[in-house]
Structures are given as C-alpha cells and as structure tokens.
Amino acid sequence: MSAPPPNGESAVLTPRDMPISSGERSGRVMGTVFKYSLIGCLAIALITLAVLLGQIISDGAGSLSMDFITEPASSLPANAGIGPALVGTLWLMAVCIAFIVPVGVATAVYLEEYADRERWYNRLVEVNIQNLAAVPSIIYGILGLAFLVRGPLELGRVVLAGGLTLGLLVLPVVIIAAREALRAVPPSIREGSMALGATKWQTIWRQVLPAAIPGIATGTILAVSRAIGETAPLIVLGGAVFVTDFPDGLGSAFSALPLQIFNWISQPQDEFKALAAAGMIVLLVILLAMNSIAVWLRNRYEQKW
Amino acid sequence: MGAAPREPLGAARRRWGEEVIRALLFAAACLSVLTTVGIVFALLRETVKFFDDVGVIAFFTDGDWKPLFADPEYGIWPLLNGTFLITGIAILVAIPLGLGSAIYLSEYASRRVRRAVKPILEVLVGVPTVIFGYFALTFITPEILQGVFNVELQVFNALSAGLIMGIMIVPTIASISEDAMSAVPQSLREGAFGLGADKRQVATRVVFPAALSGIVAAIVLGISRGVGETMIVLIAAGQVPNVGLDVTQPFETITTFIGATAKGDNPAGTIGYYSIFAAGMTLFVLTLIMNAIAIRFVRKYRQVYE
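From first to last, the protein sequence lines are chains C and E. For the record, in the first sequence the residue sitting at position 217 is 222 according to the numbering used here, with numbers rising by one throughout. For the record, in the second sequence the residue sitting at position 282 is 786 according to the numbering used here, with numbers rising by one throughout.
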C-alpha cells in the first residue's frame, strides 16, 4: 500500500482552506487546533531528543581527550578513561558479527528459498522469530548466564560469552532484514539461472545472495549497532565492570562501553557523572558512524529491478 | 520459494551436495527455536528450585519483597506494582505523543516533512537506554521536575523514569500505528471527503477507527517494551520495593531486581541466584502474553486491507 498523498498533492482531495463541508468557522478553527496539537506531539518528542543530546554534550565534552579514549578506568576521575571498555566493545562486535552473519543469512535463505510455508515446523520457526524479537534484552542475559557463562558450556564471564549473548539478542533483526533483502531479488533472476542449468544452491550462491548483499549488510550493521548499545544483558552476565586490563582474546574478561558508563553513573561523585557523559558521546559517535554507513550502503547499492 | 520448479525437469539424479546444504540451512533456522527452548528451559529449571524453597503461593501472595533480609520474603507484588506503575506513566506519555505524531505523519505531513522526520525518530530508537536513564536521573529529576515544576520528590523516583521511558516508547507506537494508518485504503478517505467531512473528521472518524487494530498492537508492543526495559529504571527509579501509587517515591521493577541482584555476587545455588530466574520467568511470561496479543491485532488489520 502506498503512502497517502500529503497535502495538496492529490487533486481529488481537500484543498485545505476550502472545507467541502458546510463551511462552519468553528469546524475550521477546530481543524487548525487539531493540526497544531498533532505537530506539538511530534515536536515534544523531537525537542526532548535535542535537549538530551545537548545535555550530554555539555556534561561530557570537558572530559573528552585522547587520554580518556586510551586510558583504563581508574578510581581517580582525572586519570580515568575508557580504553579497555572500548576495546571490549570492539571484541564483542567482532564475535557478534561472526555469529549473526552466517546464522542469520542461512536462516533467512532457508525461510525464503526453501521452506514450504504449509509445513507446521516452518511456521513454528517464523512465529518463533517474531516472538524472540520481543523478548526483553535482560532475559537474553539470563540465557547467557545459565548456558554460556555457567552451565553446560561454562565459558566464564568472557568475551565469547558476551558476544554470543548479544548475537542471540539481535539475531531476529538480522534474519528479518536478510529475508527482506532476499525477497527484493526478483524471481526472474532465479528462473534465468535455473533455466541455464544451475542447481538451486548455485542459483542462490551466485545470483541471489550477491544481489541481496547491500540489504543484508545494512541489516547487519543496524543489528550490531543495537547490540553494542545494550547494557542489561551484560550486567546479568556479570561482565566484570572493574576490568582495567585490555581484553586480548575470546577467553579474556571484558568490560564494554555501556557497562563502563553505567558503572560511572552509579558512582555518587559528580566527576564520574561527567566521565559517564563523555563515554556516552563516544558511544553515540560510534553508533552514528555505523548508522551513516548503513544509510550510505542502502543508497549507494540499492538496486531497482 | 520463487517460481522455481521443485523437481528439475530432466534429471532425476539426486544431488547430495544440495541436500546437505539444505540440511545445514535448516539447522541454522532451528537455532532460533533452540534459543527459545533454551530460555524457557533455563528459566524453568532454576524457577522450580526457587519454588521448592519459597512456594508458589507465597510468591504470589506475600506482600513484601525482601530477598536479602535475614528473614527473606519473596512476594512478587511490589515488583509488579513498580513495573506497571512506571510503565503506566510511560504509556500515558507515549500514547498521545506517539499517536499524535503518527496521525500527523500519515495524514497531514508533506512527503518532504515525512522524509525528514522519520529518520530522526529512528535515531530516537537507536539511543542506548543507559543514556535515557542518565538523562532522567541528572536532568529530568533535578532540572525539570524539581527546578521548573517544584515537585517534591526523591532523587530516585518513578515519575522521571516513567516520563523518559515514555519518550523512549514514542517511536515504537508512532511507527507501527503510522504503518497501520497508511494501510487504510485511499478510497475510504475519498468517500468521507465526498460526504463533506473535513480533514480532522477524516483523520479521527475514518482513518483512526479503520486502523484501530494496528494502533492497539502498537500500544501493546509499547507496553511490552516498557515492561522489559531495564536501564532507565535501574538508573533512575531506585531499588526500593515500594507498594502504592506515589510516583515521587523510588520503586523497584522486575527488571531492576534482576539487574541489581545479578550485579551483586550471588553464587549459583543460593536462593538469591534462583530468585533472578523466578523474576525472569515472570517477566518472560508477561511479555510473551503481550506479544501474542499484539500479533493477533496486527494480523487483523493486515487481513482487512491486503
């Protein structure tokens, strides 16, 4: 369904200042009041966002420096930095991507290209993904705690456990995005390939997937940017907040940027609040960069068939 | 999928490589089901142990939640009270702002405005909630509620957490209900205009009712997001399991309890450790029910117009 035509773009509809109705003035006044209260609703949300960003920049800008980005956390606010937390977040991103891209794309390919929607188990998978997308993030933390940190896998509170937990959390996002990207590849591409004698998998691997890469990449970036802003599941995993060493592998203890920020917010002294705000600026810059890349990818490689 | 024939026309030879790949892809798809099974299993296993010690009846009837006291009590009501009080404030903020924005974007805004505003709303979705929590604690409470409105309240309180949670939920409600309103067929609007309705009447009496099931779904999903949100309440609402409706007081929610308890060191096997899972189970069941309701409503509006 296409979007409804906005003001004045459709000749059939309502010239705004000429109500077709009886032309009562009160109706027109009410209409104007109604319209401006709608704009007000939108404005409140946007202004709050602007104030929030302004506030964080003004709180945190003073603490930003090169040392802040490279130094480890410290009990002295003046020396404290986000170095290990930042590296921890990069490690988590790497694990997360390595997990969600193959699993997410494989699931999407199965559901779009192979699954027979009449079968109950395929419908189960679909409903299940819908439900997983709505499970609160802190529940994923409990899952990670029970199965990855302790329990059967017993990885401990390490990068691998954190990255996989975040990966499971955003997997539905990737699957949904990849399915949309696959669906956007027209059937004629598949038919052409099959007609030339390619097998189903050859068709998918050499024709369909390459055509869907921009959409998949965009979805993956958005999913990862959601993952690295998550704090709650990492708190439950017990990702040690006081880690001052740089993580150096899948098996090392880690902190992460949002965890470090949360830790600073929990300190009573105001100096730490400023550090938290500075950490938020760094986090927001990373998220903004990732989102810009996603938008750029979408615009640059979007194909019209 | 697609229009590809299931059996290749000529060759009847079975290609084992293809079969293996299909099986691998199916295995990947099963992982998501396994995730759900894992969540349910993890929660159930420890919750059962929790109920061995505490008792299901005490869990639902005890009026107090004092897990760390010498004589602990585990009544879930204070946590549910906190959860729904704060979510209630949030939804009171988010319904008018979200629906107002949706009606404006769907019925009034020009294409240019829509193209400019929707990405900004998406930014609002992308802001990590730890930042919202900080904003509620360090700005909304002292500068706005105490500073501008002179409300007497505690440093940690339900009101500021709820207000900011409302702002967090606005984009969820706005974007889903805008989709629902945009899906209302143009002919309905034209019919109403033809009968002499003005724009406001069309928006409120034709488009809004026609999109109602989608709007309800949006609101239910918004509530579900609020109930599951952790960081805003953990930072700004305090961790006192109060009962009542006094929004100037600190409250504890289910998510706050899980987060705060997991942060402290609770060795596996202690009742404190199991209580995380019992609270998690309650949260999981709540959001599952709300999601099922939302899916039902979404299906309804899709069926009518597509």
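There's no promise every hint is true.
Stated by the list, open to error - Which residues of chain E face chain C? A partial, calculated answer using Cβ under 10 Å:
no., residue
1, Leu535
2, Thr540
3, Ala546
4, Gln705
5, Val720
Hints were generated in silico from the structure; no laboratory data involved. Since this is a predicted model, take the numbers as computed values, not measurements. We treat Cβ as the ideally placed atom computed from N, Cα and C, and that holds for glycine.
(request) Go through the hint on E:Gln705 and say holds or violated, using the shortest Cβ distance to chain C against 10 Å. (result) holds (8 Å)
(message) Interface hint check: E:Leu535, Cβ to nearest Cβ on chain C, cutoff 10 Å. Holds or violated?
(response) Since chain C brings a Cβ to about 6 Å from E:Leu535, closer than 10 Å, the hint holds.
(message) Take the shortest C-beta to C-beta distance between E:Ala546 and chain C; is it under 10 Å?
(response) At 4 Å from the nearest chain C Cβ, E:Ala546 passes the 10 Å test, so the hint holds.
(request) With a cut-off of 10 Å on the beta carbons, see whether E:Val720 makes it to chain C. (result) violated (15 Å)
(request) With chain C as the partner, please determine if E:Thr540 meets the hint condition of a C-beta pair closer than 10 Å. (result) Holds - the Cβ of E:Thr540 comes within 10 Å of chain C, reaching about 5 Å at its closest.
Violated hint: 5 only; the structure is consistent with all others.
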